[in-house]
Amino acid sequence: MSTTMRELVASHPFTSGMQEGTLELIAGCSTNVVFAPGEMLCAEGASADTFYLLRRGRVSIDVHAPGQGTVIIETAGPGDVVGWSWLVPPYQWTFDARAMDPVGCIAVDGACLRTKALDDPSLGFALLSRVSVTLLSRLQATRMRLLDLYGDQRGH
Amino acid sequence: MTPALHRVTERIRETADVTTLLLEPLEGPLMNYRCGQFNMLSALAVGEVAISLSGAPGESRLRHSIRDVGAVSRSLCRSRVGDLVGVRGPFGSDWQVAHENDGSEADSRDTVVVAGGIGLAPLRGAVEELVKAGQRGAGRVFVLVGAREPSQIVFNDDLESWARRGARVALTVDRATSTWDGRVGLVTSLLGDAGFDPKNARALLCGPEIMMRFTARALVDLGVDPEGILVSLERNMHCGVGWCGHCQLGPFLLCRDGPVVPYAGLVAELLTQRER
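Chains A and B, in that order, give the protein sequences. All you need for the working numbering is the position in the first sequence, starting with 1, plus 352. All you need for the working numbering is the position in the second sequence, starting with 1, plus 109.
It cannot be assumed that every hint is accurate.
Claimed, not checked - Pair by pair, the computed Cβ-Cβ distance ranges are: (1) Pro418(A) - Gly195(B): 51 to 59 Å; (2) Gly246(B) - Ser481(A): 38 to 46 Å; (3) Leu498(A) - Gly304(B): 23 to 31 Å; (4) Gln382(B) - Gly419(A): 43 to 51 Å; (5) Gly191(B) - Thr446(A): 54 to 62 Å; (6) Gly246(B) - Pro442(A): 54 to 62 Å; (7) Arg358(A) - Asp302(B): 19 to 27 Å; (8) Thr446(A) - Gly167(B): 49 to 57 Å; (9) Val385(A) - Gln205(B): 45 to 53 Å; (10) Thr383(A) - Gly332(B): 31 to 39 Å.
Everything labelled a hint here was simulated from the structure, so no lab data went into it. Note that the structure is a prediction, hence the values are computed from the model and not measured. We treat Cβ as the ideally placed atom computed from N, Cα and C, and that holds for glycine.
One chain only, chain A, in its complex shape:
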């Protein structure tokens, strides 16, 4: 028996605890996609109308730095969400995201969700609540990495 898009969406940690109606709305804006290793999920500067709920494989979030080539800032894996530039103007990607392995994910049409959220504040709240959790977690992790925990330590 094939899995429906609603079931796929409901099985992702991002949607854990969401109400049935909200799940249906998100499923209505979603497609199941795969990326081959090296393929880009999104590119810096491009229009950001989609975000991805990763189901399998790893994705690198990277940026091109002159003289250094491509620098990987972070990697994301199954259960993670990639992309939140669809939420805030000017709706453009600020980093590249690239498949490191064969990647399976749910591509959610953020532009579609933005429109639906305007008519349905509970959907908007559900989305923002979950994106905030992800953002906070990433922000904390980034702050920790800024501490350079494993860096030079003085001692005996």
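Got chain A sorted already, so can you dock chain B onto it with the hints?
Here is chain B on its own, set in the frame of chain A:
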């Protein structure tokens, strides 16, 4: 309390600033110790420093992996084969891991070992024992390692060996290099899809204190019982036997009551308090 002289019989360069010394006593038998304990090592005419044992009981030599962070540790790291090193110990508490030949029963729970940087050294012996126990049917072993950059990951051969023998090993770095195709991010990012059963798991954590704090919280958020989380803490160890008080943390004298302590309760609270 008098250091016993040991001879350096082998020296392994683990990374640019981490060196492993293998030591044999000049006289008498090799000391008995448990995984997680430490020795006070003295570089003759330089000073003494607390260094965890990175070997497992049953090995024929003492193993210490030392990061060059100061005068004493630098002198120890520069020791050559044949040099003498003073050893006092073993001191402190251990990871409560069953050893192959001690008759104790191995834990059937999943064991999640989380190490940051050189923090893998005090855990190395315990992981070895856990992997052996796992091969005999005990609980699964998950080794999650974070490092600043790929070149600072220690014990690469051991990591491969543990993975070959059934441990789930995952690595992440803070800063990737062009040749690194692994994960990039904080060590806590490895927890979510590691595959252990939070309701039936214990955890052994060693690394920078902030890392352990955040990792312990993340484990508790996932459902791991705080009582099953052990952390290895370090303060300014001097005497090794709880007399001098240099290593005090709240009511604990970490050279005696630690370095391995349960995270739950008072320790979790103390780790968030400023030192005075």
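Against the structure, the hints:
In this structure the supplied range 51 to 59 Å holds for Pro418(A) paired with Gly195(B), their Cβ-Cβ distance being about 52 Å. A C-beta distance of roughly 44 Å is found between Gly246(B) and Ser481(A), which places it inside the suggested range of 38 to 46 Å. For the pair Leu498(A) and Gly304(B), the beta carbons lie near 29 Å from each other, so the given range of 23 to 31 Å is met. Checked against the hint of 43 to 51 Å, the pair Gln382(B) and Gly419(A) passes, with Cβ atoms roughly 44 Å apart.
Roughly 57 Å separates the CB atoms of Gly191(B) and Thr446(A), a value that falls within the hinted 54 to 62 Å. Checked against the hint of 54 to 62 Å, the pair Gly246(B) and Pro442(A) passes, with Cβ atoms roughly 58 Å apart. Here the CB-CB span from Arg358(A) to Asp302(B) is close to 23 Å, well matched to the stated 19 to 27 Å. The supplied range of 49 to 57 Å is met by Thr446(A) and Gly167(B), whose beta-carbon atoms lie about 53 Å from each other.
Evaluation of the 45 to 53 Å hint for Val385(A) and Gln205(B) yields a pass: the beta carbon distance comes to about 47 Å. A beta carbon spacing of about 32 Å between Thr383(A) and Gly332(B) agrees with the range 31 to 39 Å that was offered as a hint.
Of the numbered hints given earlier, the model fails none.
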